[in-house]
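Since the structure of chain A is already known, use the hints to place chain B on it.
Number of protein chains: 2
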Amino acid sequence: MSTSIPAKLVKELRDKTGAGMMDCKKALEEAGGDIEAATTSLRTKGLADAAKRAGRAANEGVIDSYIHAGGRVGVLIEVNCETDFVARTEEFQTFVHDVALHIAALKPRFVSTADVPEDYVASERAIYVAQAEDIPEHARERAVEGKLAKHLASICLLEQEYVRDQNEKKPRTIEQLRVEATASLGENVTIRRFSLFELGQ
Amino acid sequence: MSTSIPAKLVKELRDKTGAGMMDCKKALEEAGGDIEAATTSLRTKGLADAAKRAGRAANEGVIDSYIHAGGRVGVLIEVNCETDFVARTEEFQTFVHDVALHIAALKPRFVSTADVPEDYVASERAIYVAQAEDIPEHARERAVEGKLAKHLASICLLEQEYVRDQNEKKPRTIEQLRVEATASLGENVTIRRFSLFELGQ
Numbered sequence: 001m002s003t004s005i006p007a008k009l010v011k012e013l014r015d016k017t018g019a020g021m022m023d024c025k026k027a028l029e030e031a032g033g034d035i036e037a038a039t040t041s042l043r044t045k046g047l048a049d050a051a052k053r054a055g056r057a058a059n060e061g062v063i064d065s066y067i068h069a070g071g072r073v074g075v076l077i078e079v080n081c082e083t084d085f086v087a088r089t090e091e092f093q094t095f096v097h098d099v100a101l102h103i104a105a106l107k108p109r110f111v112s113t114a115d116v117p118e119d120y121v122a123s124e125r126a127i128y129v130a131q132a133e134d135i136p137e138h139a140r141e142r143a144v145e146g147k148l149a150k151h152l153a154s155i156c157l158l159e160q161e162y163v164r165d166q167n168e169k170k171p172r173t174i175e176q177l178r179v180e181a182t183a184s185l186g187e188n189v190t191i192r193r194f195s196l197f198e199l200g201q
Numbered sequence: 001m002s003t004s005i006p007a008k009l010v011k012e013l014r015d016k017t018g019a020g021m022m023d024c025k026k027a028l029e030e031a032g033g034d035i036e037a038a039t040t041s042l043r044t045k046g047l048a049d050a051a052k053r054a055g056r057a058a059n060e061g062v063i064d065s066y067i068h069a070g071g072r073v074g075v076l077i078e079v080n081c082e083t084d085f086v087a088r089t090e091e092f093q094t095f096v097h098d099v100a101l102h103i104a105a106l107k108p109r110f111v112s113t114a115d116v117p118e119d120y121v122a123s124e125r126a127i128y129v130a131q132a133e134d135i136p137e138h139a140r141e142r143a144v145e146g147k148l149a150k151h152l153a154s155i156c157l158l159e160q161e162y163v164r165d166q167n168e169k170k171p172r173t174i175e176q177l178r179v180e181a182t183a184s185l186g187e188n189v190t191i192r193r194f195s196l197f198e199l200g201q
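Sequence order for the protein chains is A and B. Heads up, the first sequence is in my numbering, so the first residue is 1 and it goes up one at a time. Heads up, the second sequence is in my numbering, so the first residue is 1 and it goes up one at a time.
Note that these hints are calculated values from the structure, not bench results. Quick reminder that beta carbons are idealized off the backbone N, C-alpha and C, glycines included. Among these hints, one or two may not hold up.
What follows is a list of derived Cβ distance ranges for each label pair [unchecked claim]: (1) A:His138 with B:Asp84: 39 to 47 Å; (2) B:Ala149 with A:Asp119: 30 to 38 Å; (3) B:Glu198 with A:Gly70: 21 to 29 Å; (4) A:Ser154 with B:Thr40: 54 to 62 Å; (5) B:Asn167 with A:Met22: 52 to 60 Å; (6) B:Asn167 with A:Gly70: 31 to 39 Å.
Some chain A residues flagged as far from chain B (calculated, every beta-carbon gap over 12 Å) [unchecked claim]: (7) Asp34; (8) Leu148; (9) Ser195.
Chain A extracted, bound-state conformation:
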């Protein structure tokens, strides 16, 4: 038996997740009208869709900028998608601008952990190894790698928690935001590169 879902609830879920109207209706029906459960279900599907899309080429997109603090901080960003059609949508452009704003606020140094230079990782690891001398040997490597991973997450855009989610119970990472955009737009969305300038630094 199919539950009857009010249009208002469908719209609410759509606004929240950015998913299509029919997907929202179906998810709500399956979840018996529970918006939290429906959101989770859509996100799970989104992840599944995003994984399928990851292999497709993303050569279109948008270059955007964000200037902050009266010209004392500036960000230039390139985000790619697969078609010019999606690049021109408000949803895609809003995503790009939100990420630019996030970069100006949280000042990451790299897009992903894969972009961090080997010698930087090595010198950071050496610091944590030195700090870990008092830790019992069997637990030492784990402590060092944990600290290193935490540090890398703090300087890599995709691993950072989205600045506007800071007061949420479960803040999304930028990578989660990207996966949601990929699911919602139906194209592989990738954050290709950014530049961050701070005045006099």
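This is chain B only, laid out in the frame that chain A set:
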């Protein structure tokens, strides 16, 4: 005997050069009302002033951006001056924006020739040496260095001819523009860095 200079002519020279009202009046008096000669005289003085200022610290300034071709080209630029007061002036901000626009149009790769990596210069030189095999030996080095200098000038922002001067008889380089801004604003103006993104490149 001092020539009487119409206020209109003083204003014209001021608009053209950006120099102070009194400096314009004096230059016109000395040039007997010849606006071209007065301009040259101001530029010469400007150059002299700029040289004196080159040693002073430039840690203030502005970060600006320019997005072109519907988000397919983007520029982020930092230009420094000495005080926040000058950084906030329309003249300084217009200079910064003009240079950003120039970068989007002419796509330089470096700020100055000093920023070009040694190995890039070496590999370019090798190409010109190979091309110069048929030139008599006594003229060869000069031909190679000439070609190299021309190539470096084409990829370095400060050496490029200002895009908006392309139809002028004597197009100014960006370095000349910078020196004029330094003279006119009375502070050392330096183009610190820029990023240029082209979609998918």
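The hints, checked one at a time:
1. The supplied range of 39 to 47 Å is broken by His138 (chain A) and Asp84 (chain B), whose beta-carbon atoms lie about 56 Å from each other.
2. In this structure, Ala149 (chain B) and Asp119 (chain A) meet the distance hint of 30 to 38 Å, their C-beta atoms being roughly 35 Å apart.
3. Roughly 28 Å separates the CB atoms of Glu198 (chain B) and Gly70 (chain A), a value that falls within the hinted 21 to 29 Å.
4. Between Ser154 (chain A) and Thr40 (chain B) the beta carbon distance is about 56 Å. The supplied range of 54 to 62 Å therefore holds.
5. For Asn167 (chain B) paired with Met22 (chain A), a C-beta distance near 57 Å keeps the hint of 52 to 60 Å intact.
6. About 35 Å separates the C-beta atoms of Asn167 (chain B) and Gly70 (chain A), a value consistent with the hinted range of 31 to 39 Å.
7. In this structure Asp34 (chain A) is separated from chain B by more than 12 Å, as the shortest Cβ-Cβ distance comes to about 39 Å.
8. With a least CB separation of 29 Å from chain B, Leu148 (chain A) remains clear of the 12 Å interface cut-off, as annotated.
9. Chain B draws Ser195 (chain A) into its interface by the beta-carbon criterion, the shortest separation being 4 Å against a cut-off of 12 Å.
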